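S.K.: The listed protein sequences derive, respectively, from chains A and B. So the first sequence is numbered by the working numbering: it starts at 105 and just counts up by one. So the second sequence is numbered by the working numbering: it starts at 2 and just counts up by one.
To be clear, the hints were calculated from the coordinates, so they are not data collected in a lab. Take the hints with a grain of salt, since some may be wrong.
What the hints assert, rightly or not - Straight-line distance between alpha carbons at most 20 Å, and here's what the computed SDA-like set of lysine to any residue pairs gives:
| # | chain 1 | residue 1 | chain 2 | residue 2 |
| --- | --- | --- | --- | --- |
| 1 | A | 295 | B | 246 |
| 2 | A | 335 | B | 71 |
| 3 | A | 335 | A | 143 |
| 4 | B | 111 | B | 198 |
| 5 | A | 335 | B | 400 |
| 6 | B | 50 | B | 140 |
| 7 | A | 133 | A | 295 |
| 8 | A | 335 | B | 111 |
| 9 | A | 133 | B | 245 |
| 10 | B | 111 | B | 56 |
| 11 | A | 295 | A | 350 |
| 12 | A | 304 | A | 315 |
| 13 | A | 133 | A | 143 |
| 14 | A | 335 | B | 248 |
| 15 | A | 133 | B | 400 |
| 16 | A | 335 | B | 56 |
| 17 | A | 335 | B | 391 |
| 18 | A | 295 | A | 253 |
| 19 | A | 335 | B | 107 |
Predicted model only: the values in this text are computed from it and were never measured.
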Amino acid sequence: MYSVVKAEQLADRVHELVVEAPHVARHAKAGQFLIVRVDPDGERIPLTISRAEGDLVRVIFMTIGATTYRLAELRAGDSILDVAGPLGRPSGIPQNATCVVVGGGVGIASCPIIARTLRGAGNRVIGIIGARNADLMILEDEMRQACDELHVTTDDGSMGRHGYAADVLKEVIEAEPVDQVWVIGPAIMMKVTSAVTRPKGIRTWVSLNPIMVDGTGMCGSCRVVVNGETKFACVDGPEFDAHQVDFDRLMQRQRIYPEEEREALERHHASHCGCEPGARHG
Amino acid sequence: MPLIAGVSRGRDMAERASTVRVHDFGEVDLGLSPDQAQAEADRCLQCKKPACVTGCPVGVDIPAFVLAIAEGRFGEARTGILEANLLPAVCGRVCPQETQCEGACVLSGKDRAINIGALERFAADLGGLEGEAPVARAPATGRRVAVVGSGPAGLTAAAELARRGHAVTLYESLHEPGGVLLYGIPEFRLPKAVVREEIERVLALGVELRTNMLVGQSLPVEELLAYDAVFIATGAGLPSFMGIPGEEVNGVYSANEFLTRVNLMHADRFPDSGTPVKRGSRVVVTGGGNVAMDAARVARRLGARVSLVYRRREEDLPARREEVRHAREEGVEFMTCAAPVRILGEPCVTGVECVQMEMCALDESGRPAPRECEGSSFVIDADTVIQAIGTSPNPLLVRLLPGAETGRKGNLVVDEDGRTSIPRVYAGGDIATGAATVILAMGAGKRAAAAIDADLRSGIAP
Numbered sequence: 105m106y107s108v109v110k111a112e113q114l115a116d117r118v119h120e121l122v123v124e125a126p127h128v129a130r131h132a133k134a135g136q137f138l139i140v141r142v143d144p145d146g147e148r149i150p151l152t153i154s155r156a157e158g159d160l161v162r163v164i165f166m167t168i169g170a171t172t173y174r175l176a177e178l179r180a181g182d183s184i185l186d187v188a189g190p191l192g193r194p195s196g197i198p199q200n201a202t203c204v205v206v207g208g209g210v211g212i213a214s215c216p217i218i219a220r221t222l223r224g225a226g227n228r229v230i231g232i233i234g235a236r237n238a239d240l241m242i243l244e245d246e247m248r249q250a251c252d253e254l255h256v257t258t259d260d261g262s263m264g265r266h267g268y269a270a271d272v273l274k275e276v277i278e279a280e281p282v283d284q285v286w287v288i289g290p291a292i293m294m295k296v297t298s299a300v301t302r303p304k305g306i307r308t309w310v311s312l313n314p315i316m317v318d319g320t321g322m323c324g325s326c327r328v329v330v331n332g333e334t335k336f337a338c339v340d341g342p343e344f345d346a347h348q349v350d351f352d353r354l355m356q357r358q359r360i361y362p363e364e365e366r367e368a369l370e371r372h373h374a375s376h377c378g379c380e381p382g383a384r385h386g
Numbered sequence: 002m003p004l005i006a007g008v009s010r011g012r013d014m015a016e017r018a019s020t021v022r023v024h025d026f027g028e029v030d031l032g033l034s035p036d037q038a039q040a041e042a043d044r045c046l047q048c049k050k051p052a053c054v055t056g057c058p059v060g061v062d063i064p065a066f067v068l069a070i071a072e073g074r075f076g077e078a079r080t081g082i083l084e085a086n087l088l089p090a091v092c093g094r095v096c097p098q099e100t101q102c103e104g105a106c107v108l109s110g111k112d113r114a115i116n117i118g119a120l121e122r123f124a125a126d127l128g129g130l131e132g133e134a135p136v137a138r139a140p141a142t143g144r145r146v147a148v149v150g151s152g153p154a155g156l157t158a159a160a161e162l163a164r165r166g167h168a169v170t171l172y173e174s175l176h177e178p179g180g181v182l183l184y185g186i187p188e189f190r191l192p193k194a195v196v197r198e199e200i201e202r203v204l205a206l207g208v209e210l211r212t213n214m215l216v217g218q219s220l221p222v223e224e225l226l227a228y229d230a231v232f233i234a235t236g237a238g239l240p241s242f243m244g245i246p247g248e249e250v251n252g253v254y255s256a257n258e259f260l261t262r263v264n265l266m267h268a269d270r271f272p273d274s275g276t277p278v279k280r281g282s283r284v285v286v287t288g289g290g291n292v293a294m295d296a297a298r299v300a301r302r303l304g305a306r307v308s309l310v311y312r313r314r315e316e317d318l319p320a321r322r323e324e325v326r327h328a329r330e331e332g333v334e335f336m337t338c339a340a341p342v343r344i345l346g347e348p349c350v351t352g353v354e355c356v357q358m359e360m361c362a363l364d365e366s367g368r369p370a371p372r373e374c375e376g377s378s379f380v381i382d383a384d385t386v387i388q389a390i391g392t393s394p395n396p397l398l399v400r401l402l403p404g405a406e407t408g409r410k411g412n413l414v415v416d417e418d419g420r421t422s423i424p425r426v427y428a429g430g431d432i433a434t435g436a437a438t439v440i441l442a443m444g445a446g447k448r449a450a451a452a453i454d455a456d457l458r459s460g461i462a463p
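Given the sequences, and given the hints that come with them, work out the whole structure.
M.R.: Right, here's the structure in full:
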């Protein structure tokens with residue numbers, strides 16, 4: 105059992121949990137993920153490690169399916185049955201380079217740890233964070249501290265610049281020489297945004313989030329197509345060369361269980377009252 | 002669950018009728034009654050030089066426990082088995098006895114071999130752990146040994162090392178120990194309650210279990226190597242795919258994934274359980290080993306019509322005869338001398354294009370090499386495809402071990418006692434041999450434990 109020491113809602117449908125898991129927290133590196141199983145009948149889901157300090161590890165997630173809604177109900181003092189990790193290969197960190205870290209929506213969660221690690225290795229780090237609107241923006245302060253320079257965009261212009269992260273990225277790579285780029289967010293955002301760096305041949309990394317079961321290199325559920333070859337996100341990734349990833353296949357494989365996910369979610373909601381997800385009940 | 006009168010087979014163990022069992026995950030074999038067990042044990046000739054024992058990878062004193070059963074000393078029979086094997090209820094169910102102890106039995110040529118597997122299971126199942134004398138443990142040596150992976154090899158090594166007085170920490174990456182016994186072998190062949198009880202016996206020896214630990218990541222390699230000795234039993238890893246077009250479309254599973262979803266995560270109980278699985282109405286399984294049979298039989302239980310496609314002849318199927326028979330009885334359709342060449346459908350599977358294979362001259366495996374018959378392609382309608390064509394060793398820890406000598410497939414190279422190229426690091430089971438059986442992994446765990454113990458005592462290891 106792993107104790108939740110902090111639980112907070114950061115934005116509409118976006119939640120933060122800080123969990124005591126020394127075996128993960130002490131060894132976690134930028135770019136890695138963990139697997140949680142909330143209770144005995146729960147599924148195993150992967151979540152990116154957003155921060156690790158001492159014995160504590162932070163994850164940030166959006167409520168989408170039954171398991172994330174269940175996670176959003178947890179409060180400080182509650183516990184999670186299983187936390188396994190850290191999993192996956194850490195981000196490859198260059199030295200004395202200029203790097204851009206782009207986060208979209210809940211994908212911003214993964215960015216500060218990468219930005220901090222890059223900066224710690226002597227790199228110049230430019231951050232770009234984008235969300236649909238101001239209510240969905242997260243971790244702005246943390247990113248501002250982690251980066252040498254930060255750009256904020258919203259699709260509707262309600263915060264920062266009106267537009268997409270891809271637009272800003274295009275300007276940034278025109279304005280100065282950029283060595284490497286990280287793009288983390290929903291699959292469609294990663295596809296569109298990483299296309300911006302392709303003409304210049306800038307090394308660009310994306311963190312893929314296919315469906316996983318064990319997450320330890322055993323089941324093959326998380327297979328993705330990279331450069332025409334089958335790779336396993338849990339052991340070969342989760343970061344891959346963006347310009348070689350078959351994003352359309354990734355998005356298709358993320359939609360293997362739409363009916364089942366709906367059924368599980370309806371069942372989850374039916375077991376609760378009509379309150380806001382995550383509301384505390386006596 | 003509805004039980005009807007078992008059908009008696011040549012092996013004397015009652016089985017639940019296929020028409021009933023195909024609707025649930027209850028155990029197929031029902032085991033022997035005490036009368037049946039005694040009658041079967043009574044047939045044993047008590048050979049002076051028992052061939053059966055030489056056929057047992059963990060060296061169980063078979064004639065002794067069979068005699069104890071024949072004489073009604075059932076508890077003693079179990080105690081005797083436990084001397085050599087702490088997982089007898091598992092072995093009695095899943096060992097390929099026909100190629101091991103029973104295959105070596107002198108009666109196998111004349112009458113029929115003693116049903117050693119059923120007798121082992123009988124002795125193991127009686128009573129449960131309560132009342133069982135605790136397994137003796139040598140005085141503490143003060144040595145610490147890490148065992149990585151809690152499948153059959155790791156459990157066996159952990160138990161053997163603990164018995165010899167070493168302090169053992171058993172690391173498991175999943176949320177529960179058991180490895181393939183848990184995620185791979187279905188409930189109807191090996192009930193999870195049986196596995197859990199046998200693991201309790203191992204842990205009762207003082208083995209410290211740590212779940213959710215990715216050794217190499219949750220426990221850095223430097224900390225692992227700080228143990229006095231390390232036994233690596235991380236098992237089979239990534240599933241192999243055939244490399245044919247269409248394997249990435251939705252509805253194509255590896256057998257590992259399909260079985261893990263059901264066996265470990267209980268997707269058969271979805272949505273009571275949180276993990277879903279595509280039940281499929283028309284399932285094609287590719288492969289001919291025990292894993293293929295397990296996948297096909299699980300798919301039948303989830304309600305699908307199931308075809309098993311295998312590229313060689315029926316007599317070449319690598320699965321145990323008994324598993325093939327069970328699968329057939331449960332309605333799995335066998336399409337032999339056929340090979341898939343393409344998976345059809347986008348974004349979801351709609352069918353599998355196959356070709357007929359003809360058998361040619363014998364290849365290096367001693368079987369006729371299959372060759373595609375030109376113009377023989379045909380399509381099987383399917384909404385789910387399960388590939389059961391093997392796995393490669395788990396790469397997670399191996400790639401982090403400095404100086405580890407690995408084989409062609411990424412397996413750890415070991416000597417006959419399980420020593421790797423790294424001092425004080427040993428390995429066994431699928432991580433060393435590639436995919437094999439539970440009992441061979443147990444044998445490897447046992448040999449390595451003996452070597453670790455000897456090396457620790459002789460000072461080869463510190």
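S.K.: Please go over all the hints and tell whether each is borne out by the structure.
M.R.: Hints versus structure:
no., hint, in the structure
1, A:295 to B:246, "violated, 24 Å"
2, A:335 to B:71, "violated, 55 Å"
3, A:335 to A:143, "violated, 30 Å"
4, B:111 to B:198, "violated, 37 Å"
5, A:335 to B:400, "holds, 16 Å"
6, B:50 to B:140, "violated, 33 Å"
7, A:133 to A:295, "violated, 25 Å"
8, A:335 to B:111, "violated, 53 Å"
9, A:133 to B:245, "violated, 36 Å"
10, B:111 to B:56, "holds, 18 Å"
11, A:295 to A:350, "holds, 9 Å"
12, A:304 to A:315, "violated, 32 Å"
13, A:133 to A:143, "violated, 26 Å"
14, A:335 to B:248, "holds, 13 Å"
15, A:133 to B:400, "holds, 17 Å"
16, A:335 to B:56, "violated, 40 Å"
17, A:335 to B:391, "holds, 17 Å"
18, A:295 to A:253, "violated, 24 Å"
19, A:335 to B:107, "violated, 50 Å"
Hint violations for this structure: numbers 1, 2, 3, 4, 6, 7, 8, 9, 12, 13, 16, 18 and 19, all remaining hints satisfied.
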